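Participant: The chain contents come next:
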Amino acid sequence: MKRGFSILAVVTALLLSFALYEALIGAPTERTMGDVQRIFYYHVPSAWTAFLLFLINFVASVVYLVRRSAEADIVALVSAEVGVVFCTVVLITGPIWARPVWGIWWTWDIRLTLTLVLWLIYVSYLVLRRFSTSSQTSLLAAVLAVFGALDVPLVYFSIWFFRTQHPSPVMGDGGSLDPRMLHVLLINWAAFLCLAWLVCWTRYRLEVLKREVEEAQAMESLLEPTR
Amino acid sequence: MSFFPITRATLMKDVRLEWRSKDAINAMLFFSLLVVVIFSFSFDPTAEESRRIAGGLVWVAFLFAAIVALNQTWARELRNQVLDAYRVSPAPANPLFLAKAFGNLIFVMVLEALMTPLFIVFYKLRALGPGWELIPVALLGTWALVVNGTFFAAVSLRTRSREIMLPLLLFPLSIPALLAMVNATTAILTGEQSPQFWIALLLAYDVVFTVACLLLFETVLEAE
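First to last, the sequence lines map onto chains A and B. Letter by letter, the first sequence follows residues 2 to 228 of my numbering. Letter by letter, the second sequence follows residues 202 to 425 of my numbering.
By construction, these hints were calculated from the structure, which means they are not laboratory data. Nothing here was measured: the structure is a model prediction, and the numbers come from that model. Virtual Cβ for every residue (Gly too), placed ideally from N, Cα, C. Among these hints, one or two may not hold up.
Now the in silico label distances, taken between C-beta atoms and shown as ranges [what the hints assert, rightly or not]:
id : chain 1 : residue 1 : chain 2 : residue 2 : range
1  : B       : Ala286    : A       : Arg69     : 23 to 31 Å
2  : B       : Arg221    : A       : Tyr205    : 26 to 34 Å
3  : A       : Val12     : B       : Leu235    : 54 to 62 Å
4  : B       : Phe204    : A       : Arg69     : 25 to 33 Å
The following residues of chain A were derived to be distant from chain B, with all beta-carbon distances above 10 Å [what the hints assert, rightly or not]:
id : residue
5  : Phe19
6  : Leu21
7  : Pro29
8  : Trp49
9  : Ala73
10 : Ala99
11 : Arg100
12 : Ile105
13 : Ser125
14 : Thr138
15 : Phe148
16 : Asp152
17 : Leu155
18 : Arg181
19 : Glu215
Which chain A residues face chain B? A few, computed with CB under 10 Å, are given here [unchecked claim]:
id : residue
20 : Ile57
21 : Ser136
22 : Ser159
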C-alpha cells in the first residue's frame, strides 16, 4: 500500500512536469488567441476532474444512504473536498482566459453557470459537514448530495433557454481541435487525474486515521471514567 | 393514526399558534416592507424600469422573508422535546413534513398577498402581459421555496448556528427555482415573452423536490 503510494507520487510528479512542458512549449500556438489559449490545458482538465469527483461524491452518497458504510462516507467527503478545489481552479482560470478573448470576465452562459452552481452546492455541502453537531453528519450530508444532484438538470434547463457563449465542447461533435493540442490536453488530464487520485488517497488515509483516533479516545474515556 | 388526520392536526395547531402569536408573520412583513422601501428610494425607478427589476426584487424580498418562517418551523418543536416525542411515536414522518410545508406555504402566501399592493404602489407596477398568470407563478414558486426550506430547516436543526445554516443550504439549491420565478414574473410584467417555459420549469422543480423530500424526510427526522 505504502509502496503503491510512493510510486503514484513519483509518476504524478513526472507526468505533471511533462504536461507543464507540453502545455507551455510543446503545444502549437493557437492562431487567433495566441498564448493565452494555453490556459485551456489547465482549465479543461480541471473541469473534467472536478465533475468526475462530484459524480463520485454522488455515487458514494447514494451507496452510503443504502448501505451506511463508513468507507462510502469517507469517499464522499474526500471527493467533495478535492472536487471543490479543482472546481475553484476552473472558476479562476476561466475568467483569466475570458477577459482577453471575450472582453468580459464573466457571462451567464450555461456551462459557467452550471459550474458556479455546482461549486456553491458543494461548498454548502462542506459547510454542513463542518457545522453539523449531529452524530449522523454523514447521513445529512449524503441527503444534501442527492438534492444537489437533482438540482443539476434543473439548473441546466433553466439556462438552456439562452444562447450559449462558451466554446463548444472539444470532444464529440466539435472536431476542430488540432490533434497535437488534443494530445497535450489528454496528457494534462492524465496528470491532473493522477494528482487528484494522490490527494484523495492521502486525504482518505488521514480521515481513516482521524476516525480511528476518535474511536480510541472514546473507548479510553469509557474504560477510565474516574480520570 | 393515518395520514390525513395527522397532517390536519399539525397544520391546524401551527396555524392557530401563528394566529395567536403572529411572531413569524410580523417579522416577515416588516422585513419585506423594509426591502420595498429601501430599494424603492435607492433606485427610484420609472414604471418602465421597474417592470424589468420588480420580478427580481419581489422574489428576493419574499425569499429572505420566508427564511424567518422556515427557521421557526422546527425550532418551535424543540421546546419541551415535542420533536423527540413525535419521533418515538408510531406516527409516520411524512404527514408531519407535509403539515409543516403547507403551514409555511400559507404563511408566505399571506405575506405575498399583503405585500403585493405595496409593491404595486411603490414601483408603479402594471402588468403588460396576462396578469392572472402571476397567481400560478406565485403558488408554484412559493411551494418551491417552502418545500425545500422546510426540509433543510429540519437538516439545519442538527447544526451549530442553525439560523445561519438554513440559507446557506437552501439558496444554492433554489437557484433554478428562483431563476424561473424571476423570469416568469418579468415576462408577465413586460409582456414581451411567454412565461410558459418558466412555469413548466417551476412545476418540474416542485415535483422533483417534493418527491425527494417525501422519500428522504424520515431519514432526516430519525437522525440524531
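Participant: Evaluate each hint against the coordinates.
Facilitator: Cross-check of the supplied hints:
Between Ala286 of chain B and Arg69 of chain A the beta carbons are some 26 Å apart, a value that agrees with the proposed interval 23 to 31 Å. Arg221 of chain B and Tyr205 of chain A have their C-beta atoms about 53 Å apart, which leaves the hinted 26 to 34 Å range violated. Between Val12 of chain A and Leu235 of chain B, the C-beta spacing of about 59 Å keeps the proposed range 54 to 62 Å intact. Checking the proposed 25 to 33 Å range against Phe204 of chain B and Arg69 of chain A shows it holds: the Cβ atoms sit about 27 Å from each other.
No Cβ of chain B comes within 10 Å of the Cβ of Phe19 of chain A; the nearest lies about 38 Å off, and the non-interface call holds. Every beta carbon of chain B lies more than 10 Å from that of Leu21 of chain A, the smallest distance being close to 34 Å; the non-interface claim holds. With 10 Å as the threshold on Cβ separation, the claim that Pro29 of chain A sits away from chain B holds: the shortest Cβ distance comes to roughly 39 Å. Under the 10 Å C-beta cut-off, the non-interface status given to Trp49 of chain A relative to chain B holds; the minimum distance is some 22 Å.
With 10 Å as the threshold on Cβ separation, the claim that Ala73 of chain A sits away from chain B holds: the shortest Cβ distance comes to roughly 15 Å. No beta-carbon of chain B is positioned within 10 Å of the beta-carbon of Ala99 of chain A; the least distance is around 21 Å. At roughly 25 Å from the closest C-beta of chain B, the C-beta of Arg100 of chain A stays outside 10 Å, upholding its exclusion from the interface. No Cβ of chain B approaches the Cβ of Ile105 of chain A within 10 Å, the least distance being about 20 Å, so the stated non-interface status holds.
Distance check for Ser125 of chain A against chain B: the nearest CB is about 5 Å away, which does not clear 10 Å, and the non-interface claim fails. Residue-level check failed: Thr138 of chain A sits 8 Å from the nearest beta carbon of chain B, not beyond 10 Å. Distance to chain B contradicts Phe148 of chain A as a non-interface residue, since its nearest Cβ pair spans about 6 Å, not more than 10 Å. With a least beta-carbon separation of about 5 Å from chain B, Asp152 of chain A fails to lie farther than 10 Å from that chain, contradicting its non-interface assignment.
Taking the minimum C-beta to C-beta distance to chain B, about 4 Å, the non-interface status of Leu155 of chain A is violated against the 10 Å cut. Distance to chain B confirms Arg181 of chain A as a non-interface residue, since its nearest Cβ pair spans about 39 Å, more than 10 Å. Taking the minimum C-beta to C-beta distance to chain B, about 17 Å, the non-interface status of Glu215 of chain A holds against the 10 Å cut. With 10 Å as the threshold, the beta carbon of Ile57 of chain A stays out of range of chain B, its nearest partner Cβ sitting at about 20 Å, so the hint is violated.
Hint status for Ser136 of chain A: holds, given a least beta-carbon distance of 5 Å to chain B, under 10 Å. Here the hint on Ser159 of chain A is kept, as its CB sits about 4 Å from the closest CB of chain B, short of 10 Å.
In this structure, the earlier hints numbered 2, 13, 14, 15, 16, 17, 20 are contradicted, and the remaining ones agree with it.
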